[in-house]
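Chains as they are written, first to last, in my numbering: chain A, 1 to 217; chain B, 1001 to 1217.
These aren't lab readings, by the way, just hints derived from the structure by calculation. There may be inaccurate statements among the hints.
Covered stretches of chain B (in silico footprint by chain A; criterion: 3 or more residues with CB under 8 Å from a CB of chain A, positions within the stretch not fixed) [as the list claims (entries may be wrong)]:
1. 1011 to 1022
2. 1061 to 1071
3. 1152 to 1160
Cβ coordinates follow ideal geometry from the N, Cα and C atoms, glycine included.
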Amino acid sequence: MLWYNLALFLAALAGFLYGAVRFFRGKKALYLQMIVCGLGCMMLSRLFQVVMILNLGALRQGFHVGYLGYSGMFLFFFSANYGQMDSLVDDGSAALRPYRRKALYAPAAVLLIYLPIALSGASLSMKISCGLIAALAAAAAYFHMKHLIIPDVDYGIIRSIRGYNRFALLIGLLSMTELATLALDMRGALIPLGAALGVDYLLLLPILERGVKQWTT
Amino acid sequence: MDNVNYILFLCVTIPLLLMLFLTDRDHRTGLTFMVIGIVLCLIVSELNGFFLRLFGGDLLYVTTTVTPMTEELVKALPVLFFALLISDDSRTLVTVSMAVGIGFAVLENLIILVGNVENVTLSWAFVRGLSSGLMHGVCTALVGMGMSMVRKRRKLFLPGTFALLSTAIIYHAIFNMLVQSPYKYTGFLLPMFTYLPLLIVTLRRRRRAAEAGKPGA
């Protein structure tokens, strides 16, 4: 678990530093900065887990502060899409109702992944912690999915960042799968999961930047 | 001496309160929030004692899981009220939140000093001032800085504030975990690594504001 978390910490750190340099210089959109903060939150969570393993020899069973990194990241992603972007693409009209309904598949998938955790023999505190994370991941996933399928507004604001929403949705699903893997003690599955998550952390912000460039061109 | 925390509190707070009436308006805000930080530290010291008894005296668990949450939540409250009721100006909020954190650290350092008076040295005081003192300031300043960003939109405020708090809690927990590990010197340096970029950004902003001829630069 040490090398696993260390590798993911380094991937998240690289992604965060890239975002901090690109999106915090000058007056860049708050939307972008919130996504960088989300990745920063996950970077700190991975660092906490590394330090905990170095200090205690293993991750503590049940709740630990590292879980707040997941919830913080999903809250940042959710806030960015819900607070900044959603009102631009969804005016609440009935014509968009099918897209809102279809977007519910993403939170359903997140909650489906949580089901094995709830039914597993994991401690109650872990089930509750993962349940809260799943609720936040589901909320973030709903908006990622919605912004992937909803018809674009003028200027292609949403279309240009669909790549980012795809990657962010994937992070949500992979993170929940990672928690399920830990709860069910299926350590073997962590290697491919970790590799996929690491690539996601690294590519999330460059992909977002590529999309955002189309806003101004 | 059962009331030592209260004795220290009174010794520090009374002169500061007396000074408060003589300071001009520009400096009063910072000083007021520093006093608030000291008051909060006194409250939290009672809370932490309660939690330590609740968790059977497991100091490592309490200091790496419970106290980061209680302390960051309590320190964020006056910043939250300030942002909601008085001003969401970024520079003022950073000053106010840093003052709360530093005030908190002042009393915390004194309480620890008195509790370990036979073991403390000059180097302890130096390291403690630069590490833990700064850590509290930086954690609360990060919340204040972020709050000035998320305050601008109602939809962002609640999820954004919780996300910021999660980030501050993990940062605090990493510090507490590191200083109790064999890698404690890394822990001592951590707040400095965060403070320096914050300082550089603040100085640059101040210089730019001065060049533009803005008041209060």
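Hints and how they fare:
Residues of the segment 1011 to 1022 of chain B with a Cβ under 8 Å from some Cβ of chain A number 0, which does not satisfy the need for three, so the listed coverage is violated. Restraint check on the segment 1061 to 1071 of chain B versus chain A: 5 residues with Cβ-Cβ distances below 8 Å, three needed, restraint holds. Note: the segment 1152 to 1160 of chain B has 6 residues with beta-carbon separation from chain A under 8 Å; the three-residue rule is met and the coverage holds.
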